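S.K.: Listed here are the chains, written in short residue letters.
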Amino acid sequence: MKRRLRPSAVMGLTAVALALVLLPQIVSNPFAVDICIRVLLFAFIGVAWNLLGGYAKQLSLGHSAYFGLGAYTSTILLIRYGVSPWIGIVAGGIVAMLASLPIGALCFRLRGPYFAIATIATAQVLMLLFLKFRDFAWGAEGTTIPNLGNSPWMMQFDAKAAYYYVALILLGIGLAITSWVERSWMGYYLVALGEDQDAAEAVGVNVPRIKRDIYLISAFLTGLAGTFYVQYIYFIDPNTAFNFNVSVEAALVSIVGGIGTLWGPVVGTLLLEPTSALVQSWLGGSRGGVQLTLYAVILMAVILWRPTGLLGILVGAYERMTGAAPGGAPTATAAARKGASFDG
Amino acid sequence: MGEVLAVQGLSKRFGGLRAVQDLSFSVGEGQTLALIGPNGAGKTTCFNLITGYYRPDAGSVRAFGRDLVGLRPHAVCAHGLARTFQVARPFGKMTVLANVMTGALLRDRTLQVAHRRACEAIEFVGLSDKEGRLACDLTAIDQRRLELARALATAPRLLLLDEVIAGLNSAETDQAVALVGQLSRRGVTIVIVEHVMRAVMAIAQHIVVLDHGRKIAEGGPKEVAGDPTVISAYLGSSYSHA
Amino acid sequence: MLLSPMVAVIAQALVNGLLIGGIYALVSIGVTLIFGVVKIVNFAQGEFVMIGMYISYWLATRTGLDPVVSLVVSMPLLFLVGVLLQRFLLRRVLGLGDMPQIFLTFALSLLLINLGVLLFTADYRTVDTSYTNSAIHIGPVYVGVARLIAFVLAMLLSGALEVFLRTTDLGKAMRAAAQNRDVAMLMGVNPDHVFSMAVGLSLAMAGAAGSLIMPFYSVYPGVGQVFVLMAFVAVVLGTLGNVRGALLASLMMGMGESLGIQFVGADSGLIVVFVVLLLTLALRPSGLFGGQTR
Chain B
1415 MKRRLRPSAV
1425 MGLTAVALAL
1435 VLLPQIVSNP
1445 FAVDICIRVL
1455 LFAFIGVAWN
1465 LLGGYAKQLS
1475 LGHSAYFGLG
1485 AYTSTILLIR
1495 YGVSPWIGIV
1505 AGGIVAMLAS
1515 LPIGALCFRL
1525 RGPYFAIATI
1535 ATAQVLMLLF
1545 LKFRDFAWGA
1555 EGTTIPNLGN
1565 SPWMMQFDAK
1575 AAYYYVALIL
1585 LGIGLAITSW
1595 VERSWMGYYL
1605 VALGEDQDAA
1615 EAVGVNVPRI
1625 KRDIYLISAF
1635 LTGLAGTFYV
1645 QYIYFIDPNT
1655 AFNFNVSVEA
1665 ALVSIVGGIG
1675 TLWGPVVGTL
1685 LLEPTSALVQ
1695 SWLGGSRGGV
1705 QLTLYAVILM
1715 AVILWRPTGL
1725 LGILVGAYER
1735 MTGAAPGGAP
1745 TATAAARKGA
1755 SFDG
Chain U
95 MGEVLAVQGL
105 SKRFGGLRAV
115 QDLSFSVGEG
125 QTLALIGPNG
135 AGKTTCFNLI
145 TGYYRPDAGS
155 VRAFGRDLVG
165 LRPHAVCAHG
175 LARTFQVARP
185 FGKMTVLANV
195 MTGALLRDRT
205 LQVAHRRACE
215 AIEFVGLSDK
225 EGRLACDLTA
235 IDQRRLELAR
245 ALATAPRLLL
255 LDEVIAGLNS
265 AETDQAVALV
275 GQLSRRGVTI
285 VIVEHVMRAV
295 MAIAQHIVVL
305 DHGRKIAEGG
315 PKEVAGDPTV
325 ISAYLGSSYS
335 HA
Chain W
33 MLLSPMVAVI
43 AQALVNGLLI
53 GGIYALVSIG
63 VTLIFGVVKI
73 VNFAQGEFVM
83 IGMYISYWLA
93 TRTGLDPVVS
103 LVVSMPLLFL
113 VGVLLQRFLL
123 RRVLGLGDMP
133 QIFLTFALSL
143 LLINLGVLLF
153 TADYRTVDTS
163 YTNSAIHIGP
173 VYVGVARLIA
183 FVLAMLLSGA
193 LEVFLRTTDL
203 GKAMRAAAQN
213 RDVAMLMGVN
223 PDHVFSMAVG
233 LSLAMAGAAG
243 SLIMPFYSVY
253 PGVGQVFVLM
263 AFVAVVLGTL
273 GNVRGALLAS
283 LMMGMGESLG
293 IQFVGADSGL
303 IVVFVVLLLT
313 LALRPSGLFG
323 GQTR
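Chains as they are written, first to last, in the numbering used here: chain B, 1415 to 1758; chain U, 95 to 336; chain W, 33 to 326.
Source of the hints: derived by calculation from the structure; they are not laboratory data.
A portion of the hints provided could be inaccurate.
[Said to hold, decoys possible] List of simulated lysine to any residue pairs, SDA-like, C-alpha gap at most 25 angstroms: (1) U/LYS316 / U/VAL181; (2) B/LYS1546 / W/ALA298; (3) W/LYS71 / U/SER120; (4) B/LYS1625 / W/THR312; (5) U/LYS316 / U/SER118; (6) B/LYS1546 / W/LEU311; (7) W/LYS204 / W/GLY176.
These figures come from a predicted structure and were not determined experimentally.
Looking at chain B on its own, in the form it has when it is part of the complex:
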């Protein structure tokens, strides 16, 4: 059954898409473009996290492991072997993907909070390992990547707009994958296992395999983000690559925006990234304590008042106004949201 979009929705979407594509041409302030790039990037990371944490409810707080692995893979390939980051980004994704297999095999034996703790531990261990690796990966000081001027084939651009478009494409890929998953048999299986793992197995859901598979996808995408980030800031070190903040933000934007929804991470990032950028510029310099305090407060507020996230509020408001559910396609998550009022 196809999703029927009303003409007004099609027009609205086209307008938004157009605006997104033209944005860097219109906005000239580099600070603003930088925020947009960060929004796109962290929305993408959030989307990657959301597949595992939102739909399947495996709440990982260790996604920085894959971010870092992706970043380091492409950087090592670039600096030591001269390989273009366009290849490196895929290689990084694959390395991240492969790493998710043993990490998943270990961590999925635990459930709920203990799974989260195990993922934190694995990410920290990776950071420690890279802090010790001198010969292979530059150790604690990290390295800058050589500035090759404007070399598109090496993923380096003079124009910030180019990075914007790469990030936009990454986000598009993430959303496309999520959308496909949502509408397919996998969507049902993911949400079911997220709701009740044992009951899901009773109706034939191969829970271990589905968890493994969604983790592969999630890790791969997160790895891509890592490479992009290094290419954008021209620098890598274990603290940046495996930074706990990445793990936190990946989960945070999804929870705040709408956990387990397609657009949730995007909505969440739109709220969080500009806010934190503004707060940081207000207080001058990076008082890291402020950003995280802000995130913590927002997270607590969301959990206490609207655990389903902003999208839950928006969808609820839409339904109250129009008396109808948006879309109407029989996808697992659409089917799940139909008629819900999220007051539980």
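Chains U and W: place on chain B using the hints.
M.R.: Just chains U and W now, with coordinates in the frame of chain B:
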């Protein structure tokens, strides 16, 4: 040969507690077997052992010509055994339809086909008018219906029902008994765990009585009802009907 | 008695590990108590240790009060904080599922750490007492006096808690609620009250841990993170909700970490945690003492 489920020498202990001891029984094709016994007799444990949620310490479970021990629950389900849980476990934030579709997707990943099969199951249990409702918003009874529909959607050849009737009023009990009867006439082999004797007598052709994890009696309804060991097991414990 | 140097080194490491394990025990008992009774994993437990440490630091620098003695202040204060925590925060997410519970206490942890950074800066602060650097000899082994005192008091507190849980009505109610909440309620246990008391006691334990280690440990906003990670692994190892298990497992973790630091390297605390976690999961996912993995 007609024997679809054969449990042999099944044993399971949890620490010091022997939940199931040397249990053996078999179920013929199309039969309905009831597992009864006082609380704590090991009936649900038995289900968990058969469907792969627990691993037995000893013994074997064979169904449809295959050894089930060591298989994960989803593989057991794929092999044709579906079960319901004693306390219903719906996927709360999914609609009734989505719940049942999850079961239907086992046999065919195409959404259209699964949708059709799901609707059939939903209609069979009488939940068609609540198709779009969230499972967590259903009454307990309807959640049980949903549980059954979801299990049926996996197209099982053997159905394990854990206390589907307990707590229902008289009319609801009759409905449930009728449903089970219909399933049986369709050729589904059924094993039920039940406390409600009226239903057991009406549904089951063969009864196995457990007490403290052991089989203490077996036979047709009349035999078992008159068996003194059975009577003392029930009267001798602090168990009482709802 | 002459022991080979290697044995002496190992013995020293084991003793050091045992002593710090006592502190891990206080933290992990707190975690397992909350988990057992309220069924929530408190990601912020380490931050309450941190708060206990800052309280003792403040009292020591203002009034010269010995940190160990100041646990008569930090414990009741943190008990109160625990009751408030349960009443105003934890209660709101009971029964809502994993995500709200995990992220509420996780957010709290983030909040407390970063408020700490904003209020106290990230500087390390220490308190020196008359016995901070003294040690006694037991055989070939040096035992730091401060650590010994901390260990003894930690064991006393753990023992007292165990007695409390076994013999008092409230303690039994807690154990009942931990085993089966519905039945406990049917038997007249007031869940709110029991939960508040459990969280209060748990945080009091954390506060005590903080006060006890102040003589030989530096405080900084993130100090709790180290303890909490150890504590979580000990809780899993000792079986979720099992107070005695948490105690024993913590002592073992302490010794393991100490051996790791001795023979592998200074940073290897986390590696030890990880390896222990690995082994536990591979061999006995339900912990050393049986029970649930959830």
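S.K.: The structure should be examined with respect to each hint, and the outcome stated for every one.
M.R.: Hints and how they fare:
1. With a CA separation close to 29 angstroms, the supplied pair U/LYS316 and U/VAL181 exceeds the 25 angstroms bound.
2. For a cut-off of 25 angstroms, the pair hint linking B/LYS1546 to W/ALA298 stands: about 12 angstroms separates their Cα positions.
3. Note on W/LYS71 and U/SER120: the hinted pairing is violated, with a Cα-Cα distance of about 41 angstroms set against a maximum of 25 angstroms.
4. Only pairs whose Cα atoms come within 25 angstroms are accepted, and B/LYS1625 paired with W/THR312 is accepted, the gap being roughly 21 angstroms.
5. As the CA atoms of U/LYS316 and U/SER118 are separated by approximately 21 angstroms, the hinted pair is consistent with the 25 angstroms bound.
6. For the suggested pair B/LYS1546 and W/LEU311, the alpha carbons sit about 24 angstroms apart, so the restraint of at most 25 angstroms is met.
7. Distance restraint check for W/LYS204 and W/GLY176: the Cα-Cα separation of roughly 37 angstroms exceeds the 25 angstroms cut-off, and the hinted pair is therefore not satisfied.
Violated hints for the displayed structure, listed by number in ascending order: 1, 3, 7.
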